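Construct all of the structure, not just a fragment, from the sequences and the given hints.
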Amino acid sequence: MRLIDLEPKTEAFLADAETSLAESPPRLHSKHLYDEAGSDLFDAITRVPEYYLTRVERSIFETYLPEMADAVGAGARVVEFGAGLGDKTRHLIEALHDPAEVVLIDISKEALIRGATGLESTFEGLDVTAICADYDEQITLDASAHRSVVFFPGSTLGNFTQSAAIEFLGRQARLAGPGGGLILGVDLVKDLPTLIAAYDDAAGVTAAFNLNLLTRLVEAGGQAEPTHFKHESRWNPVHDRIEMHLVATEPTSLKVGATTLQLEAGDSLLTEHCHKYTPARLDAILTQAGWTRARTWTDADAKFAVIWATA
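The numbering of the sequence shown is our numbering, which starts it at 955 and goes up by one.
Certain hints may be false.
[Stated by the list, open to error] Subject to a maximum C-alpha distance of 27 Å in a straight line, what follows is the list of computed BS3-like cross-link-like pairs (lysine-lysine): (1) K1144 to K1184; (2) K1063 to K1144; (3) K1230 to K1184; (4) K985 to K1063; (5) K1209 to K985; (6) K1209 to K1184; (7) K1230 to K985; (8) K1144 to K985; (9) K985 to K1184.
[As the list claims (entries may be wrong)] Each pair of labels, with its calculated beta carbon distance range: (10) G1220 to E1048: 18 to 26 Å; (11) H1193 to P1020: 33 to 41 Å; (12) T1181 to A1025: 45 to 53 Å; (13) A1254 to T1232: 13 to 21 Å; (14) L968 to E1204: 56 to 64 Å.
The set of hints was computed from the structure by calculation and includes no laboratory data.
Nothing here was measured: the structure is a model prediction, and the numbers come from that model.
Note that beta-carbon positions come from the ideal geometry of N, C-alpha and C, so glycine has one too.
So, in structure tokens, the structure goes:
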């Protein structure tokens, strides 16, 4: 395994938090949810009954993996953003025809190393590269080595605004190059109770995941009282998205660097938004980013979709 460490340092996290807390409305960016504790909590979220996304996406992969492998073709380099522990990557690699290389990219170094090590032990001789980096990093790979297929499952695209999604997917189209491909997981618009419950499970795992962001902020040197906040999920009908908020339960403040944010009870910080897509909206994003949707696989209830697109 080759490890390339571009991990954002604590200073970068605090600088980003200082800027985002001064935005209107104030926020903390979702990419910072995934420290070691956050990655473990998200892994637990994928197993709670209300969080349908992972189960439904897994069922799509189990049903259509042979078709996906045929679309990818032989000798491909798989590049996964947000690889985490690499579980989904492992199932894809098992189905592929003679994969040439796997490149795992994640902001959590601990999860990344565990995932890459697990792939190496499972697939003897597989070339594995682990890159610890932020999504915002411009990743450059040797274009002459292998044909690249970007693997971005799990509906993480929904965490981006539309303009940011176009920018991100555009970078990946340039990374993949002509003839490259994209396997993309996206959650689809559906009934509101199902959506709300998926981001506010009865066991409180999602709440712990969200509140961990404040704990991480304190550990990094910021000032906050995590016990003064509660987790809340909300539906934003204008943007077709679930929003996760940290809502103040009493007057409180956060301080990072030169920024001090005073909150009254009921005021909130936006920590994550999760867009849900219609086919038309998804096609508009893909086209502007330089991709063409070639195949779509869904579950029987059309809750979720896995897309194959070409650059």
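Review point. Okay, which hints does this one fail, numbers in order?
Key: Those not satisfied are hints 2, 10 and 14.
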